[in-house]
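Peer 1: Can you make the complete structure from the sequences, with help from the hints?
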Amino acid sequence: MNILVLMKVVPDVVEELEVGSDGKSLDTSFLRTIINERDDHALEQALLLKDKHGGKVTLLTLDAPDIDDVLFTALAKGADRAVKICGVESVQSTQTAVRLFGDVIAKTEGLLPVDLILTGVSAIDDLDGLMAAPIAQQLGWPYSGVVTQVTLADKTATVVKEFAGGVRGEYEVPTPAVLGIQAAEKPPRYVPVAKVRAAMKSQTIETVDAPAVEAAAMVEVQQMAKPQVTGHAEMLEGSPEEVAEKICELLAKRGLL
Amino acid sequence: MSTATASADNDNGVMTLENLAKFPEGQKVFSCMQCGTCAATCPYGDDLVFPPRAIITMLEAGLIEEVFTNPGLLNCVTCYACMAKCPRGIKLTEVLLPLVKEQVFTHLKEVPAELQKALENTMRYGNPMGESPRKRALWVKSSPVPVPVISEIKRAVDVLWFVECYPSYHPRGNDNNIATAKLFKALGIDFAILGNEEKCAGECARLLGETGLFEMLTDSNMKLLRKYKFNRIVTGGAHAYDAFKHKYPAAGFDFEAHHTTPFFAQHLAQLKPKLTKKLDYTVTYHDACALGRHNGFYEEPRALLQAIPGVKLVEMTHSGVNSICCGGGGGGMWLDTYYAAKGCERLSERRVKEALDTGANVLAVSCPYEISRFEDALKVQGAEKRMVVRDVVELLAEALEG
Chain A
52 MNILVLMKVV PDVVEELEVG SDGKSLDTSF LRTIINERDD HALEQALLLK
102 DKHGGKVTLL TLDAPDIDDV LFTALAKGAD RAVKICGVES VQSTQTAVRL
152 FGDVIAKTEG LLPVDLILTG VSAIDDLDGL MAAPIAQQLG WPYSGVVTQV
202 TLADKTATVV KEFAGGVRGE YEVPTPAVLG IQAAEKPPRY VPVAKVRAAM
252 KSQTIETVDA PAVEAAAMVE VQQMAKPQVT GHAEMLEGSP EEVAEKICEL
302 LAKRGLL
Chain B
315 MSTATASADN DNGVMTLENL AKFPEGQKVF SCMQCGTCAA TCPYGDDLVF
365 PPRAIITMLE AGLIEEVFTN PGLLNCVTCY ACMAKCPRGI KLTEVLLPLV
415 KEQVFTHLKE VPAELQKALE NTMRYGNPMG ESPRKRALWV KSSPVPVPVI
465 SEIKRAVDVL WFVECYPSYH PRGNDNNIAT AKLFKALGID FAILGNEEKC
515 AGECARLLGE TGLFEMLTDS NMKLLRKYKF NRIVTGGAHA YDAFKHKYPA
565 AGFDFEAHHT TPFFAQHLAQ LKPKLTKKLD YTVTYHDACA LGRHNGFYEE
615 PRALLQAIPG VKLVEMTHSG VNSICCGGGG GGMWLDTYYA AKGCERLSER
665 RVKEALDTGA NVLAVSCPYE ISRFEDALKV QGAEKRMVVR DVVELLAEAL
715 EG
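Read top to bottom, the protein sequences are chains A and B. Using the working numbering, you'd call the opening residue of the first sequence number 52 and step up by one each time. Using the working numbering, you'd call the opening residue of the second sequence number 315 and step up by one each time.
Be a bit skeptical, because a hint or two may be false.
Sample of chain B residues lacking proximity to chain A, with all beta carbon distances greater than 10 Å (derived) [as the list claims (entries may be wrong)]:
1. Lys405
2. Val454
3. Lys626
Using C-beta positions, here's what the derived DEER-type ranges look like [unchecked claim]:
4. B:Lys455 x A:Glu296: 48 to 56 Å
5. A:Lys277 x B:Gly359: 50 to 58 Å
6. B:Pro587 x A:Glu296: 48 to 56 Å
7. B:Gly386 x A:Gln254: 28 to 36 Å
8. A:Pro262 x B:Asp533: 31 to 39 Å
9. B:Glu379 x A:Gly129: 15 to 23 Å
10. B:Arg546 x A:Gln254: 36 to 44 Å
11. A:Leu82 x B:Glu428: 49 to 57 Å
12. B:Lys693 x A:Lys252: 44 to 52 Å
13. A:Arg248 x B:Gly673: 51 to 59 Å
14. B:Val328 x A:Lys277: 45 to 53 Å
15. B:Gln620 x A:Arg305: 53 to 61 Å
16. A:Gln279 x B:Asp360: 51 to 59 Å
Straight-line alpha carbon distances no greater than 20 Å define the calculated DMTMM-like cross-link-like pairs of lysine to aspartate or glutamate that follow [stated by the list, open to error]:
17. A:Lys101 x A:Asp166
18. B:Lys455 x B:Asp489
19. A:Lys237 x B:Glu428
20. A:Lys128 x B:Glu424
21. A:Lys128 x B:Glu434
22. A:Lys252 x A:Asp120
23. A:Lys252 x B:Glu529
24. B:Lys496 x B:Glu332
25. B:Lys431 x A:Asp63
26. B:Lys455 x A:Glu67
27. A:Lys75 x A:Asp63
28. A:Lys158 x A:Asp114
29. A:Lys237 x B:Glu424
Because the hints were derived from the structure by calculation, they are not lab data. Don't be surprised by glycine CBs; every beta carbon is placed ideally from N, CA and C.
Peer 2: Below, the structure written as structure tokens:
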């Protein structure tokens, strides 16, 4: 069983985000990127499947600052091969990322054939989940998203999808297939720094040049803005009796009593 | 990997479990007479599965792998109690346990979630709480005493103050910082902080067994410290002090390092006339493991507390070398959920029960972990109205304002 995992970086929201001068994109001057959390779950799911069935896990990602640390960490966790697409800006629109991944998967030797392509079902900059499905479409493979569990048998993957309201559905998908991972069966594993450093010494990251792709504008960002502050909470202080009095006053004043 | 001060013929002088006997301190491990004092004095002695005595037996029997694959040692809070009590003088917490814990950590099938998050945060953001490194010095804005950042004032200072993570980000840690700044000012000390460039000193990662992370943080902090000119380093972090004193020298750290409590005790003659406000408190002092058992600072905090007018100092049943760990060392800070799931008593709760028994209304501490640990433990005991937790520096600063 061979698995290809697609990973990309997203803005790290631990840092304050600012809207850029164009009013349509993030100010990148202080922006720090982090691996998309759900892509990290896709990697974990791939490693869990490898633990169970053997085979190889290959990572494909877009170049970004600190991406080598991410890839060496993944190699230290048990991935077999890491490839990064170079010559691109670190934060890509999902549409461009899809084109880049699609083109590189098709043209780079040895990336295919695989039994599964796993990637995060969504990212904080792509809540609609526009990555996995278009890749599946380009390859002509079946797609299943919001996946929280994967069981592999001959030419079939049985996946559990998560729905709203605590409902789950089990589906069979013929492989090869593209799966959008919502969460791995276990939280992503920890790998000690010493093992990451050992991977840095013993393994290499392959690079491929970014192909020239045109990102057809499926969606265009018109405006990006911070949420407007429209109200605030007021803490009522005092003894329970005083607070009760204040509540009564407020309700009366607003015509609710 | 842990390095030893002693030199060996080969192995690049690096001590491992295999070449332990080549080092005088390592050789001493095999002088163990199996008395079991270590297991008896360990606050989690019942939960370790392999207390130090048993680790030595397994090592001698060639069965050490069994120790590596048992997560029991996650209950070791590296409190130095076993080392302080060993009648053979074996450096258990300094020599044996780090080597074994590194292997236990590497062999863990799953790292407890809370701990994993803290380690990943420390790696990425330089602090275990996952706060923005760009906000590390944000607390300075709330300080009534100006706190200069060394990269901004662009000159040499007398004291470089290494603030550390909990004081930088935890609201109660901020209180501690403001008190420290007031004391520096009262003593006329020329000081500055590293600001947002500072990263966790990493001692808890090392004591947990995540030595690679400790080395990463050591490298980063050493590069930073070499950029600036100062006479000495003062830190409120008991674990940071411990690392600077015992482990950073292997990475070239040759600065004079102090912890705030003994540092202010050194300045007591100057400070005492300024402590004019009477504090009508009955105080009991909790000896932090890294300051007390590991570095022998038992008298200094008590001398400071007794210099405060009105303070009545009372002792807990276990104090000084017998002090019971708050449970936060060696990664314990992020294992409370894990210990609770195992059915272990939280050490911070065991400790506050003793503190409450003294009848004191203030529990004085000198390690940044202890404030939140003991405040939480007091709430769990429903005793937060009977006792407050204050760092020694907070009490000193309060007494300044007479």
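Peer 1: Compare the structure with the hints numbered earlier in the document and write down the numbers of the violated ones, lowest to highest.
Peer 2: As far as the earlier hints go, 4, 11 and 24 are violated by this structure, in ascending order.
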